[in-house]
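J.: Given the coordinates of chain A, work out where chains B and C with the ligands should sit on it, guided by the hints.
Chains A, B and C, in that order, are what the protein sequence lines are. Counting in this note's numbering, the first sequence tops out at residue 168, every number present. Counting in this note's numbering, the second sequence tops out at residue 1118, every number present. Counting in this note's numbering, the third sequence tops out at residue 341, every number present.
Calculated from the structure, these hints are not laboratory results. Errors might be hidden in some of the hints.
Output of the computed footprint for chain B on chain A, the stretches with three or more beta carbons under 8 Å from beta carbons of chain B [stated by the list, open to error]:
1) 14-20
2) 46-58
3) 82-93
4) 129-140
5) 149-158
Below, in silico cross-link-like pairs of lysine-lysine (DSSO-like), each with a Cα-Cα straight-line distance of 30 Å or less [unchecked claim]:
6) A:Lys97 / B:Lys777
7) C:Lys52 / B:Lys734
8) B:Lys901 / A:Lys25
9) B:Lys1019 / A:Lys112
10) B:Lys1019 / B:Lys783
11) B:Lys955 / B:Lys978
12) B:Lys901 / A:Lys112
13) B:Lys978 / B:Lys812
14) A:Lys112 / B:Lys1031
15) A:Lys8 / B:Lys935
16) A:Lys151 / A:Lys54
17) A:Lys97 / A:Lys112
18) C:Lys92 / B:Lys925
19) B:Lys925 / B:Lys978
20) B:Lys925 / B:Lys904
21) A:Lys25 / B:Lys998
22) C:Lys88 / C:Lys156
23) C:Lys52 / B:Lys904
24) A:Lys25 / A:Lys8
25) C:Lys52 / A:Lys151
26) B:Lys901 / A:Lys151
27) B:Lys1016 / B:Lys783
28) A:Lys37 / B:Lys898
In this text, a Cβ means the ideal position worked out from N, Cα and C, and glycines have one as well.
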Amino acid sequence: MIIKIINNFYHHIRAILIGLKYLLSPGIRITLKYPDELPILPENYRGMLKLNNELCISCGLCSQICPAGAINLKLFEHEQTKQVGRHPEVDYKRCIFCGFCIDICPSKALELTRIHDAAFYVEDELYYEVNRLIIGPKIDPPCMRSKYVISEIDEVRGIVYRNA
Amino acid sequence: MKTSLSKQQDNRKEIELFIGPQHPASGHMRFIGRVDGDIFTNFIPDPGWVHRGIEKIAENRKWIQIIPLVERAAILDAANMNIGYVIALEKLLDIEPPPRAQYLRTLLCEINRITSHLYGFGIAGIMIGSSTFYMWPFADREPLIDIAQLITGARLTYSYMIPGGVRRDLPQGFKEKALKALKYIERRLNNDYFRIFFDNPVTKARYQEVGVLKRDDAIRLGIVGPNLRASNVKYDVRKVEPYAAYPELEFDIAYEKEGDCYARLLVRVEEIRQSIKIIRQILDALPQGPIIHKKYEKLVSLRKLEEYQKTGIFGLPAIFTVLRPPAGEVISRVEAARGELIFHIISTGELRPYRLRMVTPSFRNIVLFRELISGARVMDFPAIYGSIDYFPPESDR
Amino acid sequence: MEIVDLILNILLHPSIFVPLIFPGFITILIIIILLIWAERKVAAKIQMRIGPLYVTRRFGGILQLLADLLRYMFAEVITSKDSDKFIFIASPIVALTATLLPLAVIPAGSLLGIELIALRTNISLLAALALSSLTPIFIIIMGWASNNKFALMGSLREGHLMISYEVPLYLSALSVAILHGSLDIVDIVNNQQRVWTVLINPFAAFSFFISVIMSTSRFPFEITESDSELVAGPYTEYSSILYGLVMGVPYMRLYVFTLLFVDLFLGGWYPLIDGFSSITLIIKVLIILLFSVFLRSVYPRYRLDQAIRIGWHILFTLSLISITLSLLIIGWVM
Ligand code: SF4
Ligand code: SF4
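In isolation and in its complexed conformation, chain A is listed as follows (with noise of 0.2 Å):
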């Protein structure tokens, strides 16, 4: 009985103690202020897509593949090579981001950018047609003091985030 509540009384201390230790020590955070920290994503990550039409074949195994039926095929005649073809578009309110699509293409005329903000003021615009796919994604800085940092592993801290 005496052992067991000196025993509890020990791991009181213990928890009030590490939280303690918690409070004192400086610097250790995990969030990330994510408008104003941008993350640069490693490469190879899965965001949104980027087409380049003068490889696309018009096989159309991209809009066959995509589970999220996000794809169609459109005849598209660009601006100034005036060359034609049947390109994909996406529309990023059914896509998924499984890339499919970027590993089936053939001749690698889809490729990844590295966006994820999939976030815009118009719904419409959340449909990707070729010319703006061709062009990619590009996002203003959601804040007027965001800046790129870069979330590197840490042992001790879990994750650190360096500017880039």
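T.: Chains B and C with the ligands only, in chain A's frame:
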């Protein structure tokens, strides 16, 4: 299950309590309980609020398109859902992935097991009010999610395994990063977590001797996963029916004797330790070689093959859009983070499966609510809920 | 000028100054704003987060609560159809007032030569304790009037807890009175000029502090409004500014009790700073307050029956021990 519960009964002593689906602790489901003073005299789970009809949708998808679909059952355990389906599909196609792919699959599955258990810890923590033990495991998933993201390119929805192998090889410098993350999580688990939560006398008071599941009951009810092993049953599909690279790896089955809430949490702690051990072994003994079955390697375009040899990213062969496995019926069993996951697939040799049956671990554990909470105190309900690590979307599919 | 003098005289008169400015209403408001902010920041620091930030970014989000209050202010007051409307709306307001009542008899040192006590009686300790036990009754009424099962269960819990913390609370406070031979808090504080009560009778201090934690539903005894099964306990049905009020009540109660705790056990306003003895007091109060909100990030909550057991088995025993100790010390000194 008795459903007459919601009807008025003439026992004026009891009140009927509907917990959920809009309630801080119910998750995506509802519970109907009868309370007498501070005791639940009867407690019935009422699932189905996040039913998405995955099994039915699967009948309208091509074989390859089902991979992202089944992941959605339990998004924080995506790799284990994925491997279950892919193993079944490979049985139909009668192919065997090369050893390196097997190891990579196992690697991702174990990372996912850790993150999934950490998620469960967080929920268990907030259920009994420890906000720190809610935030800590959630924060500590982050390094592990980061390394999973390095392998697959996505944070949670990996869709990493394809029939015949995996989609990508490890990137450069992966091993060091992974080892760092493992070291971090090991230190946190063994020191900080125990000091603030598992050894905290309040936690012990809430968990010990609460919601005891006896060995016989656990077997009779068909409980799976850590909840089963906490009741002193050493059953783990990874040992019973080894798949992927598990036969070549060394690990122990985590189990506890007591069968109470505390034991269920400790089993998960031990499983995380075992997973860390497995990942270390994989990183040390990763065999060289291709990551995809040679039958498919030959089928991709030249440009893709070049890329594969250079960067290790394998493109899907075009045949995947018209994959027609031969007619047949297969069953696969894998050990997902919450327990045994079963896929039963019937193929008629068409573009789409005739029937896909998915028996998820949470679905088999749901009966625990009735068994353990009936007769428990009202405040034991969140403690027990947290300890069985039940995930409504996984159960509802 | 005479009018200004008059107003100043009225304002600085203890019976106005104490309830209104210090340690009364305005101080409480400031302290609550700071305290809730500190609670969230402390929890955030321990949990490797950032906490409130974007309201007054430069000062680390210190005005977050003010923004929240403003939002509460403009939200619609929803009273459910079957609730007892008059009681439902009146009880938070009465509870708030009742919480502040003990301040009338709790001394708070002196400021610029004004003794900060509104009402000096020779039984002020008893009066403070008696007045402080009014609030839980209104919390029970709140849950009852809401006509909601969760609120009702929360109220019942409050009732259960109340009987288990009040006895040790009063007994350990009385053991201090026995020790100092007076029921007047001013006398008790003056008696501690050389040595604080907590050093003479640590058992009393311990059981008093734990009872305070229990009575103000801090962790690990946040059982009344335990959100994982009762949503928000007795406060479930409250919305908008009424919710703001009921959420403020436990914090005000905590403040009042901490003031009492410092007076009884930590030597009140000693060591003196000439003319500003209240500052010593308020610093001690802040430290104790911070510690009690810090506990949130360490503990889960106990189960109801366990808390009641702690109240009757441990705290009650400790308070009896502390009374015995006080009697022994008095006997030994005499
Ligand atoms: S990433 Fe996946 S879902 Fe999105 S368009 Fe490509 S195949 Fe379709
Ligand atoms: S983007 Fe690629 S897969 Fe799609 S039509 Fe063009 S070449 Fe074919």
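J.: Which of the listed hints are not met by the structure?
T.: 3, 4, 7, 12, 13 and 18
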